[in-house]
Every structure is written in C-alpha cells, then in structure tokens.
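Enquirer: So the protein lines, in turn, are chains A and B. Going by this note's numbering, 36 is the number at position 36 of the first sequence; the sequence numbering is gapless. Going by this note's numbering, 23 is the number at position 23 of the second sequence; the sequence numbering is gapless.
Calculated from the structure, these hints are not laboratory results. Each hint should be verified, as a subset may be incorrect.
[Said to hold, decoys possible] Pulled a few chain A residues facing chain B out of the computed Cβ check, cut under 8 Å:
| # | residue |
| --- | --- |
| 1 | S101 |
| 2 | F105 |
| 3 | T107 |
From a predicted model like this one, the values you see are computed outputs, not experimental measurements. The beta-carbon is built from N, C-alpha and C at its ideal position, and this holds for glycine as well.
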Amino acid sequence: AQKITQTQPGMFVQEKEAVTLDCTYDTSDPSYGLFWYKQPSSGEMIFLIYQGSYDQQNATEGRYSLNFQKARKSANLVISASQLGDSAMYFCAMSATGTASKLTFGTGTRLQVTL
Amino acid sequence: DAGITQSPRHKVTETGTPVTLRCHQTENHRYMYWYRQDPGHGLRLIHYSYGVKDTDKGEVSDGYSVSRSKTEDFLLTLESATSSQTSVYFCAIGRGVMDTEAFFGQGTRLTVV
Numbered sequence: 001a002q003k004i005t006q007t008q009p010g011m012f013v014q015e016k017e018a019v020t021l022d023c024t025y026d027t028s029d030p031s032y033g034l035f036w037y038k039q040p041s042s043g044e045m046i047f048l049i050y051q052g053s054y055d056q057q058n059a060t061e062g063r064y065s066l067n068f069q070k071a072r073k074s075a076n077l078v079i080s081a082s083q084l085g086d087s088a089m090y091f092c093a094m095s096a097t098g099t100a101s102k103l104t105f106g107t108g109t110r111l112q113v114t115l
Numbered sequence: 001d002a003g004i005t006q007s008p009r010h011k012v013t014e015t016g017t018p019v020t021l022r023c024h025q026t027e028n029h030r031y032m033y034w035y036r037q038d039p040g041h042g043l044r045l046i047h048y049s050y051g052v053k054d055t056d057k058g059e060v061s062d063g064y065s066v067s068r069s070k071t072e073d074f075l076l077t078l079e080s081a082t083s084s085q086t087s088v089y090f091c092a093i094g095r096g097v098m099d100t101e102a103f104f105g106q107g108t109r110l111t112v113v
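Just chain A, same shape as in the assembly:
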C-alpha cells in the first residue's frame, strides 16, 4: 500500500519569498511517480509538477521545483518568489506505475501568501 504524508496543515509566506511544502511518502513499489497539485478556492485541481522515481534530476516547472530525496522518501515542493495568486491548497500525490493512474493523495497544505 502507498501512503502520502503532508504534516503542515497550514503555511504562511510573504510575497516574493520562497516556501517549501513538505511531503513524505511510503511505498514498496520499485517504480513510482510523485505529483503536486494546486487547488485554489474555486475548487479546480491544477497539475503543477511530476517526478519519476528513476529521474536523476529534480523536476522544475517555472517557479515550482520538486526537491526529490529518494533515500529519505521525501518529495517537497519549493515555490520561489511567491505571489498572492499562490494562495491555495496544495496536494502531494503518488502513483505506483509512474504514470498518472491510480493516484494516492495526501491531506494537503493550505498556503497563504501575505503582503
């Protein structure tokens, strides 16, 4: 069975600062994928970034980067230069096969960006 743990229910960050959202995972599968999603107050789920378990380099997508530490089973999301529009719920998720199939989600972290 897979498990995702997000230990930060809520986080605050000042505009233009960087913030790290924590995610640890547990799986016995040799191949897996790690994902981050953003859910603004409007409710939609927005895909941010993906990291495959065999990828050698950390994934980056614009201001988002995934700090993947395989030995520690962590997949933290780093948002650089926070913007007010980054205020939202953020979910970490994983899949066993490395694709987007059958995702297991964490409980989420609510990020609030302040002036």
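Given chain A's structure and the hints, the job is docking chain B onto it.
Expert: Chain B in isolation, oriented as in the chain A frame:
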C-alpha cells in the same frame, strides 16, 4: 477547450435515491478516473477505466458502480445514495507522455439529505 466536462456541477438528492454523475472528455484518452474529496482525506480513488467496458475498483468503491460504453463518457452511479456519500466528485484523465499529468474536471458537489 475544457477537455473534461462533468455534469451536473451541483446536485442535492435524498437518501436512498439513485444518482448518476457523468464525465465527458473530448480528448480521446484511454484512461479515466473518478475520485471523491472529503475534508481531512484529500482525494481518494473510487473507480477507474482503462478503456471501453474495462473498469476496476479503487480505494473507496463500496456503494458505487461505473460504466464506460464509449471512450468519451465515464459514468459514476450511486445505486442508493447515503449521507456518507455527500462529497465533491472529480473525474480525471491521464494526459501527456505516459499519462504523467492527471487532468481533472471541475468537480461535482453532491449533497445527500
């Protein structure tokens, strides 16, 4: 281009009544999924489909059934709705190289009274 359309977007129904939620995609993707979102649980997989008439159970499938008679449509049915099925339901498709991006619909808020 919405890609995925869920209907209805909101529904209130009475305990014991059947309810069907529809997910329609315009992108011809093979893989489709139904999730539910509840406070404190994140999203949990209900059922998924790997193709027409090819479906399987997810983590929280009890009380739900699905059908996929066409590539573009994935239906989720609550045979006899209960208050514990009050939730927000999301449909998703797998996009991108090796389906590494799960693209979600806008969600259906279902209230069972």
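Enquirer: Work down the list of hints and note, for each, if the structure agrees.
Expert: Results for each hint:
{"no.": "1", "hint": "S101", "result": "6 Å, holds"}
{"no.": "2", "hint": "F105", "result": "3 Å, holds"}
{"no.": "3", "hint": "T107", "result": "5 Å, holds"}
Checked against the numbered hints above, the structure violates none of them.
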